[in-house]
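Novice: Top line first, the protein sequences correspond to chains A and B.
Numbered according to my numbering, the first sequence spans residues 1 to 212.
Numbered according to my numbering, the second sequence spans residues 1 to 137.
Any given hint could be a false lead.
Partial selection, computed: residues in chain A whose CB lies under 10 Å from chain B [as the list claims (entries may be wrong)]: (1) Gln20; (2) Asn21; (3) Ala32; (4) Lys81; (5) Gly144; (6) Ser174.
Below 27 Å or equal to it, Euclidean Cα-Cα: the simulated DSS-like pairs (lysine-lysine) are [stated by the list, open to error]: (7) A:Lys51 <-> A:Lys27; (8) A:Lys118 <-> B:Lys123; (9) A:Lys118 <-> A:Lys27; (10) A:Lys203 <-> A:Lys27; (11) A:Lys51 <-> A:Lys203; (12) A:Lys206 <-> B:Lys28; (13) A:Lys51 <-> A:Lys18; (14) A:Lys206 <-> A:Lys81; (15) A:Lys118 <-> B:Lys28; (16) B:Lys123 <-> A:Lys18; (17) A:Lys118 <-> A:Lys11; (18) A:Lys81 <-> A:Lys11; (19) B:Lys28 <-> B:Lys49; (20) B:Lys123 <-> A:Lys203; (21) A:Lys18 <-> A:Lys56; (22) A:Lys51 <-> A:Lys198; (23) B:Lys49 <-> A:Lys27; (24) A:Lys56 <-> A:Lys118.
To be clear, the hints were calculated from the coordinates, so they are not data collected in a lab.
None of these values were measured; they are calculated from a predicted model.
Note that beta-carbon positions come from the ideal geometry of N, C-alpha and C, so glycine has one too.
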Amino acid sequence: MILDLHAHSIKSDDGRAKVQNYCQWIKAREIAIDGFVLTEHRQFDDESDYKELGQKHGITILKGAEVETEYGHVLIFGVTKALQESFDFTNIHLSLAQVIESCDAHGAVAVPCHPGRKRVGMAAHLAEFGIPAGVRTVEVYNGGSRGVEDQIAQQMADEQSYLGVGGSDAHIVSHIGRCATEFAAAINSELELVEALKGSDFKALKISQEDA
Amino acid sequence: MTINAITDVEFGEELPAFEPDTSLPNVKQFAVAAGWDGPRFTDHEYARKEGLPGALVPGIMSQGFLSAMIHHWAPTAEVRSIDTIFRAPCVVDQPYFINGVVTDIDEDSGTVEIDLTVTNDAKETRVFGTARVIIPS
């Protein structure tokens with residue numbers, strides 16, 4: 001099962017894609033993914049329910065979040081009410097240690113994203129803050145990466161023995177599915193996604209337009 | 001294919017791409033006309049001293065390129081909005097590629113949404129955004 005683990009909709013301040021258009025695009029272009037996770041910036045989208053839309057298109061649509069820490073941006077999968085109450089998702093100065101501790105306590109998984117990117121990526125902050133405890137998986141393929149950013153991410157993952165996932169970081173419709181993560185298990189819910197991410201049977205993928 | 005009516009538009013349709021003229025003389029001409037003729041847009045050496053990779057293509061010029069692409073495709077289209085996110089600078093005298101693709105069609109209101117991107121030689125996205133245009137029925 002292939003999921004794009006990092007996508008933004010119009011719920012994010014810089015997102016310009018409607019979720020139904022992501023679905024249309026995936027089907028029209030035969031993008032080789034089975035679903036995607038909406039990881040809106042600094043929030044969890046409690047109000048939207050995409051089950052019917054997903055069923056209509058045969059696409060798994062899950063929800064997560066992207067928060068901001070001193071080590072850069074971090075994807076969170078398995079967001080619950082209790083997790084949302086444990087720290088302020090809108091705070092742009094979160095402590096990565098606190099985010100990881102809260103995720104562990106509430107059955108969620110934290111994954112630093114685009115770690116090779118300047119300022120908002122984890123690798124850029126290692127010299128200042130050291131190797132953070134508790135990180136197990138990082139996003140090694142990001143669809144918005146430029147230059148050597150993915151190489152930096154992969155090198156850091158190799159050096160620290162991190163597992164790697166991929167996500168498009170799509171903000172517009174046509175960017176969905178540029179990178180993704182292939183899971184051995186079938187995933188139809190946030191809970192199943194968390195279980196899969198707590199294991200190790202997954203790998204990051206880059207999906208070119210030609211493959212789609 | 002030139003679009004004259006919304007019924008001609010298809011979801012996923014790609015607008016004719018083009019490589020804009022980002023040469024220094026062209027950017028200078030635009031910057032002067034737009035009242036943005038500061039040296040960071042017209043002088044590579046000055047821009048580099050400011051820590052930039054070179055003279056920059058003004059953001060409103062990039063938006064102009066995107067708008068021009070839409071009108072080459074649909075000459076009668078009314079561009080209601082071009083909403084851009086600038087992820088990385090576009091540098092004068094370097095090649096860029098302007099692309100657009102239809103991602104939503106509302107035939108009732110005549111509205112079409114178009115994904116817009118400006119990419120470089122390495123296929124890195126420098127600017128992305130969306131346009132909302134009205135096309136006659």
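Novice: State for each hint whether it applies.
Specialist: Status of the hints after comparison with the structure:
1. Gln20: 9 Å, holds
2. Asn21: Holds: closest Cβ of chain B sits about 5 Å from A:Asn21, inside 10 Å.
3. Ala32: 16 Å, violated
4. Lys81: Where the cut-off is 10 Å and the nearest Cβ of chain B is about 31 Å from A:Lys81, the hint is violated.
5. Gly144: 7 Å, holds
6. Ser174: Nearest chain B Cβ about 4 Å off; hint holds.
7. A:Lys51 <-> A:Lys27: 17 Å, holds
8. A:Lys118 <-> B:Lys123: 19 Å, holds
9. A:Lys118 <-> A:Lys27: 34 Å, violated
10. A:Lys203 <-> A:Lys27: Within the cut-off at roughly 23 Å; holds.
11. A:Lys51 <-> A:Lys203: 26 Å, holds
12. A:Lys206 <-> B:Lys28: 39 Å, violated
13. A:Lys51 <-> A:Lys18: Roughly 15 Å between the alpha carbons, so the hint for A:Lys51 and A:Lys18 holds.
14. A:Lys206 <-> A:Lys81: Violated, at about 33 Å.
15. A:Lys118 <-> B:Lys28: 31 Å, violated
16. B:Lys123 <-> A:Lys18: 24 Å, holds
17. A:Lys118 <-> A:Lys11: Holds - the C-alpha atoms of A:Lys11 and A:Lys118 are around 25 Å apart, at most 27 Å.
18. A:Lys81 <-> A:Lys11: 18 Å, holds
19. B:Lys28 <-> B:Lys49: 19 Å, holds
20. B:Lys123 <-> A:Lys203: 24 Å, holds
21. A:Lys18 <-> A:Lys56: Satisfied, since the Cα-Cα distance of roughly 16 Å is no more than 27 Å.
22. A:Lys51 <-> A:Lys198: 24 Å, holds
23. B:Lys49 <-> A:Lys27: Judged against 27 Å, a Cα distance of about 48 Å means the pair is violated.
24. A:Lys56 <-> A:Lys118: With a Cα-Cα distance of about 39 Å, the restraint between A:Lys56 and A:Lys118 is violated, given a limit of 27 Å.
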